[in-house]
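Protein chains in written order, with the numbering used here: chain A, 1 to 73; chain B, 1 to 73; chain C, 1 to 73; chain D, 1 to 73; chain E, 1 to 73; chain F, 1 to 73; chain G, 1 to 73.
Careful, some of the hints might be misleading.
Straight-line distance between alpha carbons at most 25 Å, and here's what the computed BS3-like set of lysine-lysine pairs gives [claimed, not checked]:
1. 30(C) with 25(A)
2. 15(C) with 25(B)
3. 22(A) with 56(F)
4. 22(B) with 22(G)
5. 22(B) with 22(F)
6. 15(G) with 56(F)
7. 22(F) with 25(B)
8. 15(G) with 54(E)
9. 25(C) with 15(D)
10. 15(F) with 56(G)
11. 54(B) with 30(C)
12. 25(E) with 15(G)
13. 22(F) with 56(G)
14. 22(B) with 30(D)
15. 56(A) with 54(F)
16. 54(E) with 22(D)
17. 30(C) with 22(B)
18. 56(A) with 30(F)
19. 56(E) with 25(C)
20. 54(B) with 25(C)
21. 15(F) with 25(F)
22. 30(E) with 22(D)
23. 54(G) with 56(F)
24. 30(F) with 56(G)
25. 56(F) with 25(E)
26. 54(F) with 25(G)
Everything labelled a hint here was simulated from the structure, so no lab data went into it.
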Amino acid sequence: MELRPLDALNEARNKRVLLELKNGKQYIGKLKSFDIHINTVLEDAEEHVDGELKRKIGTTFIRGDTIILISIE
Amino acid sequence: MELRPLDALNEARNKRVLLELKNGKQYIGKLKSFDIHINTVLEDAEEHVDGELKRKIGTTFIRGDTIILISIE
Amino acid sequence: MELRPLDALNEARNKRVLLELKNGKQYIGKLKSFDIHINTVLEDAEEHVDGELKRKIGTTFIRGDTIILISIE
Amino acid sequence: MELRPLDALNEARNKRVLLELKNGKQYIGKLKSFDIHINTVLEDAEEHVDGELKRKIGTTFIRGDTIILISIE
Amino acid sequence: MELRPLDALNEARNKRVLLELKNGKQYIGKLKSFDIHINTVLEDAEEHVDGELKRKIGTTFIRGDTIILISIE
Amino acid sequence: MELRPLDALNEARNKRVLLELKNGKQYIGKLKSFDIHINTVLEDAEEHVDGELKRKIGTTFIRGDTIILISIE
Amino acid sequence: MELRPLDALNEARNKRVLLELKNGKQYIGKLKSFDIHINTVLEDAEEHVDGELKRKIGTTFIRGDTIILISIE
Numbered sequence: 001m002e003l004r005p006l007d008a009l010n011e012a013r014n015k016r017v018l019l020e021l022k023n024g025k026q027y028i029g030k031l032k033s034f035d036i037h038i039n040t041v042l043e044d045a046e047e048h049v050d051g052e053l054k055r056k057i058g059t060t061f062i063r064g065d066t067i068i069l070i071s072i073e
Numbered sequence: 001m002e003l004r005p006l007d008a009l010n011e012a013r014n015k016r017v018l019l020e021l022k023n024g025k026q027y028i029g030k031l032k033s034f035d036i037h038i039n040t041v042l043e044d045a046e047e048h049v050d051g052e053l054k055r056k057i058g059t060t061f062i063r064g065d066t067i068i069l070i071s072i073e
Numbered sequence: 001m002e003l004r005p006l007d008a009l010n011e012a013r014n015k016r017v018l019l020e021l022k023n024g025k026q027y028i029g030k031l032k033s034f035d036i037h038i039n040t041v042l043e044d045a046e047e048h049v050d051g052e053l054k055r056k057i058g059t060t061f062i063r064g065d066t067i068i069l070i071s072i073e
Numbered sequence: 001m002e003l004r005p006l007d008a009l010n011e012a013r014n015k016r017v018l019l020e021l022k023n024g025k026q027y028i029g030k031l032k033s034f035d036i037h038i039n040t041v042l043e044d045a046e047e048h049v050d051g052e053l054k055r056k057i058g059t060t061f062i063r064g065d066t067i068i069l070i071s072i073e
Numbered sequence: 001m002e003l004r005p006l007d008a009l010n011e012a013r014n015k016r017v018l019l020e021l022k023n024g025k026q027y028i029g030k031l032k033s034f035d036i037h038i039n040t041v042l043e044d045a046e047e048h049v050d051g052e053l054k055r056k057i058g059t060t061f062i063r064g065d066t067i068i069l070i071s072i073e
Numbered sequence: 001m002e003l004r005p006l007d008a009l010n011e012a013r014n015k016r017v018l019l020e021l022k023n024g025k026q027y028i029g030k031l032k033s034f035d036i037h038i039n040t041v042l043e044d045a046e047e048h049v050d051g052e053l054k055r056k057i058g059t060t061f062i063r064g065d066t067i068i069l070i071s072i073e
Numbered sequence: 001m002e003l004r005p006l007d008a009l010n011e012a013r014n015k016r017v018l019l020e021l022k023n024g025k026q027y028i029g030k031l032k033s034f035d036i037h038i039n040t041v042l043e044d045a046e047e048h049v050d051g052e053l054k055r056k057i058g059t060t061f062i063r064g065d066t067i068i069l070i071s072i073e
């Protein structure tokens, strides 16, 4: 059972997640790692804008303070 | 009796709450967990914009610094 | 006599206060609790926009960093 | 002689000061208290917009991070 | 010889400096004090907008996080 | 195997990376160093706006809090 | 060999650097000092907007949190 928010992210390691950023862009990729600032590394990351795939940006470090949400299911 | 703001969130665990974010979007879901930064995990989260259901995003981690309020009743 | 700003909030516990947020919205409700970040819980909270009651949102946690002011009289 | 910025605020206790906030509004009132975050309590606070008195909001807690300046003379 | 940025401010004590804020306004006055957050007190402060003197605001506390730069010569 | 986000940046040292900033600009260069704030130094940095090379700015220090993402592959 | 981002700034002491700020303005001057917040002092600083010299502002303290980048070559 998850007790803290980071536990939920921990269970999502190596699964595909959707990140939404403060600038409105979305990134879909495999969650490789994160830290307490919610700095996050995605593998095979895809950038989506208004629901459309814009570009593939491979392994990508995303700074935590730009993240609004991480949908993990 | 609740003495601190986080006590009120604690009593809302496993209940449906409404989160309003700084970008104007609202999320309704079951409150699974939160931490002192107000990082929050909702289960069965729904995104609402201008009162309309936009999408269902399942279990979702929401970064605390994007949150304006959590209505817990 | 109040010496620190939080003393003034402490005296306002269980009284109706008016919160004004950075997004221009106002919330009126009974001040139940607050912490050093000015995270605040209002009971029977009402949202007001441009002086008009918009909705009632019950017990509500408001994140401190979105607050501009709390009028306590 | 004042050595640190907070000393200047300390000398202004119980005097009328003018606060200017990041949203462009000004508040004039008697400075009752402040802390290291510049959280401030004004008594008999008046809100001024574009030089005009808009409303009287009594004893008011103002969150420090919304403040641009405090004119203390 | 100055080694750290605050040393340069220290040498400017009691001299007239120009502060530029994030909202585009400029303040000219005698630098009385500052702290590590760059909270600053100016004496005989003048507000300038687009190069024009707008008003004189006497002794003024300016919150450090609103400051872009301080020209000290 | 990388366990933390900074491990991924560490593996990218001396490789060309793409940084995207909050102002929408992109910088491509060789990653020389970074710290826990994600302050970053690029060598032979190029500024790109809307996919076009705008200017070459040599060795460049980029403040971490302006960074959205670092694509490292 | 530089290992940390601040090492690169350290090597640039007493050399002319270009700072770019979040408001889009650029400052060129001799880097006299900086600290861990990237608060910076430039000597003989020049303000440039859209590539044009706007004014000379002498010795200038620039608050670190307004800086996007420092081009040091």
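Hints versus structure:
At roughly 38 Å between alpha-carbon atoms, residue 30(C) and residue 25(A) are farther apart than 25 Å, so this suggested pair is violated. Annotation: proposed proximity of residue 15(C) to residue 25(B) is violated, straight-line Cα distance about 30 Å (limit 25 Å). The straight-line distance between the Cα atoms of residue 22(A) and residue 56(F) is roughly 28 Å, outside the 25 Å bound, and the hint therefore fails. Simply put, residue 22(B) and residue 22(G) have alpha-carbon atoms about 21 Å apart, close enough for the 25 Å limit, and the pair holds.
With a CA separation close to 17 Å, the supplied pair residue 22(B) and residue 22(F) stays within the 25 Å bound. Annotation: proposed proximity of residue 15(G) to residue 56(F) holds, straight-line Cα distance about 18 Å (limit 25 Å). The suggested pairing of residue 22(F) with residue 25(B) holds, with an alpha-carbon distance near 21 Å, which does not exceed 25 Å. As the CA atoms of residue 15(G) and residue 54(E) are separated by approximately 37 Å, the hinted pair breaks the 25 Å bound.
Between residue 25(C) and residue 15(D), the direct Cα distance comes to roughly 30 Å. Violation of the 25 Å bound is thereby established for this hinted pair. This hinted pair does not check out: residue 15(F) and residue 56(G) have alpha carbons roughly 38 Å apart, beyond 25 Å. Restraint check: the Cα-Cα separation between residue 54(B) and residue 30(C) comes to about 32 Å, which exceeds 25 Å; the hinted pair is violated. For a cut-off of 25 Å, the pair hint linking residue 25(E) to residue 15(G) is broken: about 30 Å separates their Cα positions.
Taking the CA atoms of residue 22(F) and residue 56(G), the gap is about 28 Å. The hint is violated against a cut of 25 Å. Between residue 22(B) and residue 30(D), the direct Cα distance comes to roughly 32 Å. Violation of the 25 Å bound is thereby established for this hinted pair. For the suggested pair residue 56(A) and residue 54(F), the alpha carbons sit about 22 Å apart, so the restraint of at most 25 Å is met. For the hint linking residue 54(E) to residue 22(D), the alpha-carbon distance of about 18 Å falls within 25 Å, and the restraint holds.
A threshold of 25 Å between alpha carbons decides the hint, and for residue 30(C) with residue 22(B) the separation of about 23 Å falls inside it, so the pair holds. For the suggested pair residue 56(A) and residue 30(F), the alpha carbons sit about 20 Å apart, so the restraint of at most 25 Å is met. Annotation: proposed proximity of residue 56(E) to residue 25(C) is violated, straight-line Cα distance about 32 Å (limit 25 Å). Using a Cα cut-off of 25 Å, the hinted pair residue 54(B) and residue 25(C) holds, with the two alpha carbons roughly 23 Å apart.
A distance of roughly 20 Å separates the Cα atoms of residue 15(F) and residue 25(F); the hinted pair therefore holds under the 25 Å criterion. Of the pairs offered as hints, the one joining residue 30(E) and residue 22(D) holds, with about 23 Å between alpha carbons and a cut-off of 25 Å not exceeded. Restraint check for residue 54(G) and residue 56(F): the C-alpha separation of about 22 Å stays at or below 25 Å, so the hint holds. Pair hint residue 30(F) plus residue 56(G) does not hold up; C-alpha atoms about 33 Å apart against a cutoff of 25 Å.
Restraint check for residue 56(F) and residue 25(E): the C-alpha separation of about 32 Å exceeds 25 Å, so the hint is violated. With a C-alpha separation of about 16 Å, the suggested pair residue 54(F) and residue 25(G) falls inside the 25 Å cut-off, and the hint holds.
Of the numbered hints listed earlier, those contradicted by the structure are 1, 2, 3, 8, 9, 10, 11, 12, 13, 14, 19, 24, 25.
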